[in-house]
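Starting from the structure of chain D, add chain V where the hints point.
Protein chains: 2
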Amino acid sequence: MATSLILSRRDLDFLLHEWLDVESLTKRSRFTEHSRETFDAVLDLAEQIATDHFAPHNRTADENEPHMVDGKAVLIPEVSKALKVFTDAGLIAGSFDEEYGGMQLPHTVGQAVFAWFKAANVGTSAYPFLTMGNARLLLAHGSQEQIDTFVRPELEGRWFGTMALSEPQAGSSLADITTRAVPQDDGTYRLTGNKMWISGGDHELTENIVHLVLAKIPGGPPGVKGISLFIVPKFLVNDDGSLGERNDVVLAGLNHKMGYRGTTNTLLNFGEGVHTPGGRAGAVGYLVGEQHRGLTYMFHMMNEARIGVGVGATVLGYTGYLHALEYARTRTQGRPPAGKDPASPMVPIIEHTDVRRMLLAAKSYVEGGMALGLYCARLVDEEQTAETQEERSRAHLLLDMLTPIAKAWPSQWGLAANDLAIQVHGGYGYTRDYPVEQFYRDNRLNPIHEGTQGVQSLDLLGRKVVMQGGAGLALLGETIAATTARAAGSEWAGFAADLDAAVARMGAVTATLWGTGEPDLALANSHVYLEAAGHIVVAWLWLEQALACEGAASDFHEGKRQAARYFWRWELPRVNHRFGLLESLDRTVLDTPSHVL
Amino acid sequence: MATSLILSRRDLDFLLHEWLDVESLTKRSRFTEHSRETFDAVLDLAEQIATDHFAPHNRTADENEPHMVDGKAVLIPEVSKALKVFTDAGLIAGSFDEEYGGMQLPHTVGQAVFAWFKAANVGTSAYPFLTMGNARLLLAHGSQEQIDTFVRPELEGRWFGTMALSEPQAGSSLADITTRAVPQDDGTYRLTGNKMWISGGDHELTENIVHLVLAKIPGGPPGVKGISLFIVPKFLVNDDGSLGERNDVVLAGLNHKMGYRGTTNTLLNFGEGVHTPGGRAGAVGYLVGEQHRGLTYMFHMMNEARIGVGVGATVLGYTGYLHALEYARTRTQGRPPAGKDPASPMVPIIEHTDVRRMLLAAKSYVEGGMALGLYCARLVDEEQTAETQEERSRAHLLLDMLTPIAKAWPSQWGLAANDLAIQVHGGYGYTRDYPVEQFYRDNRLNPIHEGTQGVQSLDLLGRKVVMQGGAGLALLGETIAATTARAAGSEWAGFAADLDAAVARMGAVTATLWGTGEPDLALANSHVYLEAAGHIVVAWLWLEQALACEGAASDFHEGKRQAARYFWRWELPRVNHRFGLLESLDRTVLDTPSHVL
Numbered sequence: 001m002a003t004s005l006i007l008s009r010r011d012l013d014f015l016l017h018e019w020l021d022v023e024s025l026t027k028r029s030r031f032t033e034h035s036r037e038t039f040d041a042v043l044d045l046a047e048q049i050a051t052d053h054f055a056p057h058n059r060t061a062d063e064n065e066p067h068m069v070d071g072k073a074v075l076i077p078e079v080s081k082a083l084k085v086f087t088d089a090g091l092i093a094g095s096f097d098e099e100y101g102g103m104q105l106p107h108t109v110g111q112a113v114f115a116w117f118k119a120a121n122v123g124t125s126a127y128p129f130l131t132m133g134n135a136r137l138l139l140a141h142g143s144q145e146q147i148d149t150f151v152r153p154e155l156e157g158r159w160f161g162t163m164a165l166s167e168p169q170a171g172s173s174l175a176d177i178t179t180r181a182v183p184q185d186d187g188t189y190r191l192t193g194n195k196m197w198i199s200g201g202d203h204e205l206t207e208n209i210v211h212l213v214l215a216k217i218p219g220g221p222p223g224v225k226g227i228s229l230f231i232v233p234k235f236l237v238n239d240d241g242s243l244g245e246r247n248d249v250v251l252a253g254l255n256h257k258m259g260y261r262g263t264t265n266t267l268l269n270f271g272e273g274v275h276t277p278g279g280r281a282g283a284v285g286y287l288v289g290e291q292h293r294g295l296t297y298m299f300h301m302m303n304e305a306r307i308g309v310g311v312g313a314t315v316l317g318y319t320g321y322l323h324a325l326e327y328a329r330t331r332t333q334g335r336p337p338a339g340k341d342p343a344s345p346m347v348p349i350i351e352h353t354d355v356r357r358m359l360l361a362a363k364s365y366v367e368g369g370m371a372l373g374l375y376c377a378r379l380v381d382e383e384q385t386a387e388t389q390e391e392r393s394r395a396h397l398l399l400d401m402l403t404p405i406a407k408a409w410p411s412q413w414g415l416a417a418n419d420l421a422i423q424v425h426g427g428y429g430y431t432r433d434y435p436v437e438q439f440y441r442d443n444r445l446n447p448i449h450e451g452t453q454g455v456q457s458l459d460l461l462g463r464k465v466v467m468q469g470g471a472g473l474a475l476l477g478e479t480i481a482a483t484t485a486r487a488a489g490s491e492w493a494g495f496a497a498d499l500d501a502a503v504a505r506m507g508a509v510t511a512t513l514w515g516t517g518e519p520d521l522a523l524a525n526s527h528v529y530l531e532a533a534g535h536i537v538v539a540w541l542w543l544e545q546a547l548a549c550e551g552a553a554s555d556f557h558e559g560k561r562q563a564a565r566y567f568w569r570w571e572l573p574r575v576n577h578r579f580g581l582l583e584s585l586d587r588t589v590l591d592t593p594s595h596v597l
Numbered sequence: 001m002a003t004s005l006i007l008s009r010r011d012l013d014f015l016l017h018e019w020l021d022v023e024s025l026t027k028r029s030r031f032t033e034h035s036r037e038t039f040d041a042v043l044d045l046a047e048q049i050a051t052d053h054f055a056p057h058n059r060t061a062d063e064n065e066p067h068m069v070d071g072k073a074v075l076i077p078e079v080s081k082a083l084k085v086f087t088d089a090g091l092i093a094g095s096f097d098e099e100y101g102g103m104q105l106p107h108t109v110g111q112a113v114f115a116w117f118k119a120a121n122v123g124t125s126a127y128p129f130l131t132m133g134n135a136r137l138l139l140a141h142g143s144q145e146q147i148d149t150f151v152r153p154e155l156e157g158r159w160f161g162t163m164a165l166s167e168p169q170a171g172s173s174l175a176d177i178t179t180r181a182v183p184q185d186d187g188t189y190r191l192t193g194n195k196m197w198i199s200g201g202d203h204e205l206t207e208n209i210v211h212l213v214l215a216k217i218p219g220g221p222p223g224v225k226g227i228s229l230f231i232v233p234k235f236l237v238n239d240d241g242s243l244g245e246r247n248d249v250v251l252a253g254l255n256h257k258m259g260y261r262g263t264t265n266t267l268l269n270f271g272e273g274v275h276t277p278g279g280r281a282g283a284v285g286y287l288v289g290e291q292h293r294g295l296t297y298m299f300h301m302m303n304e305a306r307i308g309v310g311v312g313a314t315v316l317g318y319t320g321y322l323h324a325l326e327y328a329r330t331r332t333q334g335r336p337p338a339g340k341d342p343a344s345p346m347v348p349i350i351e352h353t354d355v356r357r358m359l360l361a362a363k364s365y366v367e368g369g370m371a372l373g374l375y376c377a378r379l380v381d382e383e384q385t386a387e388t389q390e391e392r393s394r395a396h397l398l399l400d401m402l403t404p405i406a407k408a409w410p411s412q413w414g415l416a417a418n419d420l421a422i423q424v425h426g427g428y429g430y431t432r433d434y435p436v437e438q439f440y441r442d443n444r445l446n447p448i449h450e451g452t453q454g455v456q457s458l459d460l461l462g463r464k465v466v467m468q469g470g471a472g473l474a475l476l477g478e479t480i481a482a483t484t485a486r487a488a489g490s491e492w493a494g495f496a497a498d499l500d501a502a503v504a505r506m507g508a509v510t511a512t513l514w515g516t517g518e519p520d521l522a523l524a525n526s527h528v529y530l531e532a533a534g535h536i537v538v539a540w541l542w543l544e545q546a547l548a549c550e551g552a553a554s555d556f557h558e559g560k561r562q563a564a565r566y567f568w569r570w571e572l573p574r575v576n577h578r579f580g581l582l583e584s585l586d587r588t589v590l591d592t593p594s595h596v597l
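From first to last, the protein sequence lines are chains D and V.
Per the UniProt record's numbering, the very first residue in the first sequence carries number 1; after that it's consecutive.
Per the UniProt record's numbering, the very first residue in the second sequence carries number 1; after that it's consecutive.
Next comes chain D alone, as it looks inside the complex:
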C-alpha cells in the first residue's frame, strides 16, 4: 500500500513494538493464540477496510447528513455498506472474548486497529464504537441472560448499541435526570422520559438497537445515588432471540451539528405512548445489576469511552497532520529568506521554517496523543492480564489517574493539530475541496462530549489526585521517575531533569491547592491544572519515545527525536506559567461576580 494519509502504520508499529512491546503479551494465557503476525494481519486488514470503505464516504456523509423521513433516520447507503464489511471481518469483536465470537486481541492492538476507522471516518465508526462500549458494560454488569440476548447480536454486528445519559435539561448534571422507571410485577420496568444527544440513537443500519438508559426508580435516593441502569431495546426480543414487538422508544428529532455529521445524534422519547408494548404504557426496560447503582456501571463504560474519545481526537488530528504534511511537500510557494531571487524556482512550502514549525508542533501533538492512548490501552491489558494482583492494581490506579488526561489532552491538542493543518494549507485548507476543515469540525465535538474539559479537570483535581490519599498522583510520579532515571547520562538528561522538576512542582502545587481547606478555591482553576498535568504526561511519553529510539538512526527515528526535542523545549515550559498561577491561589476568576461580565 502507498503511504496512507489516514494514519502512519510506521508510527503504530513503533509504538506497539519498539516501545510498548505488545508482542510480550502473547506469553499471557489470554493472548497465546496471537503473535506479531496476527497483530500485523489485523492492522493490515483495518488499514485496507478503512481506506477502501470508510474514507471514501467521509465527505459524502458530511454533505448529506442523516435526516428524518416518516420518523426514521435516513443515512447515505455507504455507511451501511462500510459497516457490513467491518462487522463481516469480525472487527467489532476484535478485543472481545473468543467465547463471544471475538478475536481476543489485546486492547492495545484493538485501539490501534480501531484508530484506523476513526481517522478515516469518525461519523461511520461511531456506531460500532458505541456498540463495543455498550457490549463491554453488559459483559461486566449484565446477567448471563442479558449477555446472551443482547451482547451476542451486538458482537455479531447484527444489533448496535447506545448509551443514553443526558436529557435536555440535564447535560453534564446527571443528578437532575427525570426519566422514570417504574417496576412491574414481572420484574421488568416501564420507562418514561426524554433523552438528548444520543449518538446512534436511531438508524436503519441494524435490525435492533440496544439502548442503555439511565433512569430513576420512584422512591429511590435523590441525586446521582438514585440512578439505575436499564436495557431498553428498540424492539423487544422473543425467547428465541427473534424480534418481537416495537418498544416505545421513538426518534423525536435529529441534532444538526457543526461536524461529526455522519453519526445520527438524537432526541429520543421513551414511553410517550406512540407504541404500547403488551398493550400497556411505557417503554419496557430491564434493570442491569442492582437498583441505584447505574452511574457506577455507566462510569465503567464511560472511562473506556473517554480513552476511546481521546484516541478519536488524536487520530482526527493525526490524519489532518498527514494531509498537511503531504500538501506542504508538494505545494510550491515563495522562497527562503536567504534566496529571494524571483528567478529561482519556488520551493515546497515545507522548506519555510514557519510551515515546519506548524508541522512539527502538530506531529508532537498527534504522535504524543497516540502514545498516550496506546499507553492507556496497554494499562487496560495490564489491569486485566498482568500476572500479579499488585501489578493489576497498579495498572488500574494509574489508568484511573490518567483517564481525564487521556480524554481531555487529545481533545485540546489533537484539535490544535487540525487547526494547524488548515493553516498549513492556507486558503485551500479553508475550502471544502480539501478535507482538513472537516477534520477540524468533526474533532470540535471531542472537548464537549463524554465529559467536557471542565468536567475532566474537576475529575482530575477534585477526585483523581486526592483518591486513596494521593496514591494515584504518587504512582504517576514514580512511573515518570522510572523513565527519567533511564535518561541519565544520555542526550536526554536535560529533558529528564526538566520533567522531574515539573513533576515535583505538580506535587507541590497539588498540596498547596488542597492545603487551602477551601474546595471552591482549590478547584477554581482546575482547568489550568488539567492543562499542566496533561503536558507533563505527554512530555513524559515523548521522553519514553525518545529513549525507545536509542541506537536507531533512520529518518523516522530522527523525526521522533526532533519531535521529542520540540516538545521538551517548546511545550513543556508552558507548565511554568500555569503552575505559577496555581501556586498563587489566584482568585481572579473565582472572585469575578457574574453580573460584571
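Each hint should be verified, as a subset may be incorrect.
As the list claims (entries may be wrong) - Derived DEER-like restraints, expressed as beta-carbon distance ranges:
1) Asp97/V - Asp433/D: 55 to 61 Å
2) Asp520/D - Ala140/V: 55 to 61 Å
3) Asp21/V - Met68/D: 53 to 59 Å
Unchecked claim - No more than 25 Å apart at the CA atoms, straight line, and that leaves these computed lysine-lysine pairs for DSS-like:
4) Lys225/D - Lys340/V
5) Lys84/D - Lys72/D
6) Lys84/V - Lys72/V
7) Lys340/D - Lys225/V
What the hints assert, rightly or not - To spell it out: a stretch of chain D is covered by chain V in this simulated footprint if at least three of its residues, at any positions, have a beta carbon under 8 Å from a beta carbon of chain V; those stretches are:
8) 172 to 182
9) 452 to 459
10) 519 to 525
Since the hints were derived computationally from the structure, they do not count as laboratory data.
Predicted model, so just to flag it, every value in this text is computed and none were measured.
Note that beta-carbon positions come from the ideal geometry of N, C-alpha and C, so glycine has one too.
Chain V alone, transformed into the frame defined by chain D:
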C-alpha cells in the same frame, strides 16, 4: 433597544469617549461638523440596520451559499436588500470626504460603525468593506479621472470593488504572479491571467464591479518590483459614466468555504477571449499611478485592510462572547462544589467557576481586540489630521509598527473567543441551532487571508521592528512607558511593572535575534515573537482601559477592571516562555530537515 448580542454599545462608548476621547477630534477642521450627537446618531443607525437587516440573514446566507448559474453568481436576495439599506443610509462613505458624498467621520468612529455590520453578518458586510478599501486606494493613488469615473459610483453604493492579488500558483508569493498587462497605443492595457481567492469577484449586487488587479507589464523588472496595478471594470464605462461593453473578466469558479459563505469567493479569468472589448483580445485595464509601483499602492490598501480584518476577527469573537454570556446567564445546570444537594435548584451555568473562566478570558480577548482596533483607527485619524507634522509622523510610524499585530492578534484570540463560546454552550454550541459554531467557522478565515499569521510575523520581526533603525519599536516602547508611568502609585502599579519588564525583555530579545547576523536564525521563530509582542500590546491596552476606569464604580467598570486583572495575571505571563525560547536562539524548528517529518 434591548441589549444587543451583536456588539456592546456600552463598551464602544467607553472606548470611544471615556478612553479615546474622540469628541476632541471635533476641534479639528476636518471634523468640525461633527459632535458627540452625530457620532451617537450614526452608531445608533448602524446598530439598527445591522440588527434589522444584516443579522437576520446571517445563518440563511451560510446555509445557502452563492452558486453559479449561467456563469453568474447567485446570492440569496436578503444580501442585496440589506446592502441597499446600508448604502442608502450613506454608510459606505461614512469616513470619506464630503466632496465625494461622505460623512467625513473620524476613522475611529467609522471603524466602530462598521464593526456592527461585520459582527452581525461578516459575509454580507464584506462587499462594502472591500469597496471602501478599493475606493480609498484610488483616492490616494488614482488620477482625478479615475476617481470621478470609479470612486464616485462606489461611494454611492452603485458599484462595488475588489482587490485581485493572488493567483492559483501564487498565494502569499506575489513575486510569482503571471497575469500580464500589455500596453496599448491608446494608453490602456490588455490583461490576461487568472486570479484566485477574489472575494466579491462576481455578483449581481451592483451594476458594475471595479477590480483592482496586480499584473506584470512585459519587460519590467522581475519579482515584486515588476508589479503594476490596474483598474479592470467588469463593464467598460462610457464618457458619460454609463456602462459600455462587457470587459473580459469572467467568473471561472466559486470557492466553497468552511465559513464566510455569504461572500462570493471567486476564481476570475482575465482576457481569455470570452468577451472581446472593442473587438480585441484581453481585458481592458487602466494603470493606477506609475508602472511597477503596484505593490506599494496595494500595500497602502492592504495595511488598512489588515486593521479592518483584525477588527472583523475581534467582532466575530465579540458577538460569540455576548451570545455565550447570554446563554450562561439563562441556562441552568448543576450546582456549585459547596452545594451539591440535589434537592437544591440548579444554578445558571455562569455560577460555575470554569464557565466564568471561559467568559472572562473571552471578554479579555474581544474587548482587548476592540481596544486595539480602535486605537489603530485613532492613529489613522492622527496621521491624517494631527496638528503638527511630527505628531502625524509619529502616528504613522506607530501604526506601521502595530499593523501586523492588529491583524494577527485578533485573528488568533478573537477565534479563541469563538472557541470558548462554543464550549460554554456545550453540546448546543456544537449544533447549528445556535450561532456560535458559525461565528467560529466564519472567523477561521481571518488568520489566513490578507497575509497569514506567518506572513505577519515576518513583517513584524523582519521589517517593522528593524525599520528606521528600530524607531518603530522604540516608539512603541515609549508609548507604553507613558502609560505605565501613569499607573505609578495606583492599584495597577504591579501590572505596570510587569508590563515594563516585558517591554524591556522584548527589546533585549530583538537585539539578540538580530545580533546573530543570520537572518534565517533571527526569523526562524518569528511566530513566537509575534505572539509575545501581541500579548504585550494588548496587555498595555488593558492597562490603558483600567486607568480609564479610574474613579468609576459601576458594574461595567468593575467588569473592565476584572478583565484587566485577568489579562495581567493570566495572559501577560505567557510572554515569558516565548521570550525564553527566543533568547535561547532555539534552532529546533530551523534544524528539522523536512524529510524527517
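What are the numbers of the hints that this structure violates, sorted from low to high?
-> 1
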